[in-house]
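Enquirer: Sequences are here, hints too, so could you generate the full structure?
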Amino acid sequence: MTCGIVYDPSYLAHEQSSSHPERRERLSYSLDQLEEEGIFDLPQIKLFLPKPATRDDVLLVHTPEYLKFLEDASINGGIIDSDTYIPRNLIHDALLAAGGAITGADAVLNQEVTNSFVLARPPGHHAGRSHGAGFCYLNNVAIMVRHLQRRGLRRIMILDWDAHHGNGTEEIFYDDPSVLFCSVHQYPFYPGSGRFEDIGIGDGKGYNVNLPIPAGSSDRVYKYLLEEMIIPLADEYMPDAIAISAGQDNHFTDPLTGLALTARGYAELMKEMCILADSICHGRIIAVLEGGYSMEGGLPYTNLGLIAAMAGLDLSAIREPEIYQNLLKESISEDAFPQVVKMISELKKKLAAHWYFIQRY
Amino acid sequence: MFAGIDIGDTNTDIAIIDSQISTYKVPNNEGLNNALKKISPGGRLAISTSQALNEIITGHPADIRTINIPGPGLVYPDAVKGAVSHRGDIIEPIDPEEIKKIMKGQYAKAVAIAGKFSVRNDILEKQVYDIVSHFYSDEQISISSTIGALNFPARIHTTKLNAKIKRKVASLIKKIHKVNPDFYFVTSTGGLISPARVLDNPMLLYHSSPATVANGAYYLSKNDNCLVIDIGGTTTELVPLKNGKPIYETIIIDGLKTLIQAVSATGIPFGGDSCIRTELCPFRAGSSRSFGGSEPTLTDALNVMGARIGDFERSEILDRTSAENAIHKYLDTVASAVRDYQPEILIGTGYLAHYLLSDIAERSNTVGIVPEHAASANAVGAAVSKVSLEVYIHVDTERKRMTLNGMAYPYKETKDDEHLIAYATELVREIAMNEGAPEEDVEDIKVLYFSSFDVVRGWRVSAKITDMILAVAPGISVEAL
Ligand SMILES: [Zn+2]
Chain P
85 MTCGIVYDPS YLAHEQSSSH PERRERLSYS LDQLEEEGIF DLPQIKLFLP KPATRDDVLL
145 VHTPEYLKFL EDASINGGII DSDTYIPRNL IHDALLAAGG AITGADAVLN QEVTNSFVLA
205 RPPGHHAGRS HGAGFCYLNN VAIMVRHLQR RGLRRIMILD WDAHHGNGTE EIFYDDPSVL
265 FCSVHQYPFY PGSGRFEDIG IGDGKGYNVN LPIPAGSSDR VYKYLLEEMI IPLADEYMPD
325 AIAISAGQDN HFTDPLTGLA LTARGYAELM KEMCILADSI CHGRIIAVLE GGYSMEGGLP
385 YTNLGLIAAM AGLDLSAIRE PEIYQNLLKE SISEDAFPQV VKMISELKKK LAAHWYFIQR
445 Y
Chain C
5 MFAGIDIGDT NTDIAIIDSQ ISTYKVPNNE GLNNALKKIS PGGRLAISTS QALNEIITGH
65 PADIRTINIP GPGLVYPDAV KGAVSHRGDI IEPIDPEEIK KIMKGQYAKA VAIAGKFSVR
125 NDILEKQVYD IVSHFYSDEQ ISISSTIGAL NFPARIHTTK LNAKIKRKVA SLIKKIHKVN
185 PDFYFVTSTG GLISPARVLD NPMLLYHSSP ATVANGAYYL SKNDNCLVID IGGTTTELVP
245 LKNGKPIYET IIIDGLKTLI QAVSATGIPF GGDSCIRTEL CPFRAGSSRS FGGSEPTLTD
305 ALNVMGARIG DFERSEILDR TSAENAIHKY LDTVASAVRD YQPEILIGTG YLAHYLLSDI
365 AERSNTVGIV PEHAASANAV GAAVSKVSLE VYIHVDTERK RMTLNGMAYP YKETKDDEHL
425 IAYATELVRE IAMNEGAPEE DVEDIKVLYF SSFDVVRGWR VSAKITDMIL AVAPGISVEA
485 L
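Just so you know, the protein sequences line up as chains P and C, in that order. Quick note on numbering: the numbering used here labels position 199 of the first sequence as 283, and the sequence is numbered without any gaps. Quick note on numbering: the numbering used here labels position 229 of the second sequence as 233, and the sequence is numbered without any gaps.
Partial pick of chain P residues on the chain C-facing surface, computed with a CB cut under 7 Å:
(1) Y113
(2) D116
(3) Q117
(4) E119
(5) L388
(6) P405
Honestly, the hints are just simulated from the structure, not real lab data. Think of the CB as a built atom: it goes at the ideal place given N, C-alpha and C, for glycine as much as any other residue.
Expert: Right under this line is the structure:
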């Protein structure tokens, strides 16, 4: 298994302001960790430099008016919402992030690597067709998915495991059965959307699967969701590729969210997804970084764990330093698991008409 | 006075430069002490030792025990407890009993200790070192932090190689100190380094001959863009120069990356001592007949064709056709490698350059020059090199920590990047001058890399972290020009 890493030092350039949580420090320690582990010298790893997305690429997803707005606001700066400013020159960084996702997808499609991980900033999954939100400007994953389809792939599954609901991506594909959008997120939480009842409309009905989970959800919850919903959905949908909106803000040390996934949990989740992808779509996975704000205790270990899983490396030493053990115990809620089991049984009733694997039982 | 010594595969070359250049050749079997005695004390002495070390480094694997402190992350062999974070904090302690247990009943020849992120804080490596030093002498233990750069697997590998050669380097230092107490070694990039600093990272001496040849050929010919052809006893090295400088590359040994840079060169396995058995062979079977050996060599072939090298009558055991064929094979092999570089001009060095360079140049459609003293260009290169340093610097304003090549230095508040670079530059200059570099050689300290970012906690910038690489580039000392 070879894993492509898409990265360019320019991915550190974007900052809304020096104290904003979505800042270059997010990647700095992770890159130190990757460099110290000698990741880029491994035969299982190939480094790719991102090419910026073109206007045509962006217009596969976003409206011309919105793109024009971003371009204009990038000249003198602007504002989208209270969390999302447009710093000068934003469009350059946003196009490089979206282009990185495309670079990662091309590397997989051209069979240069089995899968790829795009360490892009700024993130994208809150950006809809005609608006940005929540630190996001262009929807990197959505643009990449449309690019895959432009290159001939028919069905794409998106797994969005960022702690926040991927409302932008949901909006873009809500009526589209050629994209199965599946989001695991803390609920209730920002941005407020992501109820399990929202299953798509029109032809897309049944192809939008929200998996809202309560604060305190641990590795066990994610493993359950994987086995109970995500793998069966993928097995039945038979996508040509799997896109992952890889937000690392589910980690128990994340200061902005309340979930309790560990670095090893992330790595095992990715390992399962790689096994799944191997069995249904030639291993094709393109993972794109979304959120994740635990700069020191989380991101270096989760990012390394994900890459190690995608490259087929030994995961047995993927963990946080022991000093975080108490915090982990405090972060896990015992109530979360039964609530999730209940949610899944409700969700299955909602989706039963659309999925054979649910009807069987 | 500048003196340079190059210990080659057959001969030791000596160059002494004061108002004029004098060069000597001493066969290795006469011993290093004889060579050292030719140099009067008082001047600066630089020694290139690559040949002696190369054999140990690339030779059969020695029994080296590695102790790795990886902490969280990927899986490494020989791991023990303990962890340092990317910030340089000790986040998990070592277990002294675990180390003692490993050491008891340990028969390895040397021990290599490497910790992840030890370049940000070397305390854990030092703690392990202290325990290991109850069982092994300092000359048998190497640690990784002084290598300076991030890349744990490459540091593990480099530390292991350091442990393998440290004892030999230490004994060489003692031997030379007895005759000449004040000397430098030449590194693989062609810079000078003090014996004390060499012991922190002995691999810096690996394969220094292309570097000394590059410096020597440039000094003797003042040719900025050329291909240097150094014809030695067992190999011929091609070393390209661009704008007066060689090209550097990372050394790979046993298929693994090290953190050592060396001057890029193409080695051809033929030289003056290559023996002739039906045809020219890529190995040495003793000296040339004209220097008392038993089998004829490329040098003997040149004598048969009219040269008068050494006791040339002894060469005549070889018939003319075989001699001609051997020389043709040599010229064809070298010329074909030369053509790959498409050089404008060839500079020949080594003791056979006078006899072979014009034919090589003709066969590769270029022109060749053999400068005066070319026969000992490597020793000249050693003599004229300058002290060089490459320093990896990490600064954390919250932890008030500053490390230079893994070693803690006094932290100082600085108001901006420029101020910080100025402070770091001063420290690097001091290190170089303490090693005896003249002021003119350390005026130009280059910033090879600079990156810094803000640490934000609670929506406030609470600190700044900076990584940089500063260097006193290798090359020719201003004093020698
Ligand atoms: Zn998020």
